[in-house]
Amino acid sequence: MTSKICIHLLASILLFLFFSCKQKEKQVSAQIYTANNVSIENNYSYAILVSKNGELVFEEYYNQKTKDSLCNVQSLTKGIMSVLIGIAVDKGYIKSVDEPIVNYFPTEFETLSDSNKRSITIKHVLNQTSGLAWKGYLEHGAWLQSEDPIGFVLKKPLLNAPGTTYNYNSGATHLLSAIISRTTGISTAAFANKVLFTPLRIDEVDWQRRNDGHYDGSGLGLKMKPMDLMKIGLLLENKGRHNGVSLISETWVNTLFDPIEKKPTQWGLKNSSHGYCWYKATLNGDLIDYGMGYGGQFIIMVPAKKLIVVSTHNHDTPNGIEQQIEFLNVRLPKLIDRYGS
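Going by UniProt numbering, the residue at position 156 of the sequence shown is 156; the numbering climbs one at a time, nothing skipped.
In short, the hints are calculated from the structure, not lab data.
Backbone N, C-alpha and C define an ideal beta-carbon position, used for all residues, glycine too.
Be a bit skeptical, because a hint or two may be false.
Below are the SDA-like pairs computed for lysine to any residue, each with C-alpha atoms no more than 25 Å apart in a straight line [to be verified]:
#  : residue 1 : residue 2
1  : K95       : V245
2  : K223      : E261
3  : K67       : K334
4  : K95       : F105
5  : K263      : E322
6  : K155      : A190
7  : K135      : K306
8  : K263      : S273
9  : K263      : V245
10 : K155      : S69
11 : K91       : W207
12 : K306      : N319
13 : K194      : S69
14 : K270      : K194
15 : K67       : D206
16 : K306      : Y61
17 : K270      : P333
Label pairs and their in silico Cβ distance ranges [as the list claims (entries may be wrong)]:
#  : residue 1 : residue 2 : range
18 : V57       : D206      : 36 to 44 Å
19 : A190      : T66       : 37 to 45 Å
20 : L159      : D68       : 38 to 46 Å
21 : L159      : V57       : 24 to 32 Å
22 : L138      : S69       : 27 to 35 Å
23 : G244      : L138      : 28 to 36 Å
24 : N329      : L200      : 27 to 35 Å
25 : K194      : D316      : 44 to 52 Å
Using the sequences provided together with the hints, build the complete structure.
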């Protein structure tokens, strides 16, 4: 009789502890997603995923989105383009990122009067230091409508010597897509499927072509599932290896996040630097590497904690900058505190 009472008592204690933990987890989640009086029901979040030591520890979807929803990743596209450029270098399609882009656009350059543009390299495009004029989002409408997106970019005035001055240029990164297509002989999407997406079992993306026929490299036309973004984050965390196979050379992964290659930027966290289409910053003492798209599309890696955070948000809003700042400065620290230890 006494043993039965002990068993029932033990079971009651275990149930109490189980539900207490569940309630605590809900409270933590609520703290994360109601920061600054922004509730789950009325914010712009679509998905937030967290991986710790390669294992998924948090996965939530909001505002009618599910794990199968394709989300516009905006300028995270640039980070993926940079990965693809690295693979193209690894495989010998591109000799070096120090090559002048005129080698890939000889016909287009014939019509350009400023010979100084011939010193623009692939690396300059990756680092947003091409020197070409670009007025941010004010250029997007005309560029998207242009029948010659490549010429639209290359004909812009050269304001600074290539490699000297940082100026975020979405049109210029589209040149990377054209370079991949022209060097590999297949479309950028086909190349991505072959060397990156298929090996990672990324089986569905929605990737728009621009009017020149090349898949968008600017950050204005790629949709992916949040879990597939996490796969890319894990690949980078593992120095380019997936299931024991090297998809990206460790050398290129190290280059992507090398602080020497970064320049200060006004985007993202206040102390961020940017290069090779990826950002680097410190947050509450933690060094983080991240890719970012307008509105709060993120792949965020905290190397010392083996932590990856992926988020997607509604990009179709004039408040996109505020959304991404709020996520980086309010929600992200809570996620790191909760799952980083």
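Going down the list of hints, with the structure as the test:
With a C-alpha separation of about 23 Å, the suggested pair K95 and V245 falls inside the 25 Å cut-off, and the hint holds. A threshold of 25 Å between alpha carbons decides the hint, and for K223 with E261 the separation of about 28 Å lies outside it, so the pair is violated. Between the alpha carbons of K67 and K334 the distance comes to roughly 23 Å, so the proposed pair stays at or under 25 Å and holds. For a cut-off of 25 Å, the pair hint linking K95 to F105 stands: about 15 Å separates their Cα positions.
With a C-alpha separation of about 22 Å, the suggested pairing of K263 with E322 holds against the 25 Å cut-off. Pair hint K155 plus A190 does not hold up; C-alpha atoms about 29 Å apart against a cutoff of 25 Å. A C-alpha spacing of about 37 Å is found between K135 and K306, which places the hinted pair above 25 Å, so the restraint is violated. A hinted pair counts as satisfied when its Cα atoms are at most 25 Å apart, and K263 with S273 qualifies at roughly 5 Å.
With a C-alpha separation of about 32 Å, the suggested pairing of K263 with V245 is violated against the 25 Å cut-off. Taking the CA atoms of K155 and S69, the gap is about 38 Å. The hint is violated against a cut of 25 Å. Simply put, K91 and W207 have alpha-carbon atoms about 23 Å apart, close enough for the 25 Å limit, and the pair holds. Restraint check: the Cα-Cα separation between K306 and N319 comes to about 31 Å, which exceeds 25 Å; the hinted pair is violated.
Under the criterion of a C-alpha separation no larger than 25 Å, the hint pairing K194 with S69 is consistent with the structure, at around 23 Å. Of the pairs offered as hints, the one joining K270 and K194 is violated, with about 37 Å between alpha carbons and a cut-off of 25 Å exceeded. Taken as a hint, the K67 and D206 pair is honoured in the structure, with Cα atoms around 15 Å apart against an allowance of 25 Å. For the hint linking K306 to Y61, the alpha-carbon distance of about 23 Å falls within 25 Å, and the restraint holds.
Between K270 and P333 the alpha-carbon distance is near 14 Å, which keeps this suggested pair within the 25 Å criterion. Hint check: V57 to D206, Cβ distance near 28 Å, so the stated range 36 to 44 Å is violated. Our hint of 37 to 45 Å for A190 and T66 is violated, since their Cβ atoms are close to 28 Å apart. Our hint of 38 to 46 Å for L159 and D68 holds, since their Cβ atoms are close to 44 Å apart.
About 46 Å separates the C-beta atoms of L159 and V57, a value inconsistent with the hinted range of 24 to 32 Å. Under the hint 27 to 35 Å, the C-beta atoms of L138 and S69, about 30 Å apart, fit the expected range. At about 47 Å, the CB distance of G244 to L138 disagrees with the hint of 28 to 36 Å. In this structure the hint that N329 and L200 lie 27 to 35 Å apart at CB holds, the actual value being about 30 Å.
With their beta carbons about 31 Å apart, K194 and D316 fall outside the hinted range of 44 to 52 Å.
Violated hints, listed in ascending order, are 2, 6, 7, 9, 10, 12, 14, 18, 19, 21, 23, 25; each of the other numbered hints is respected by the structure.
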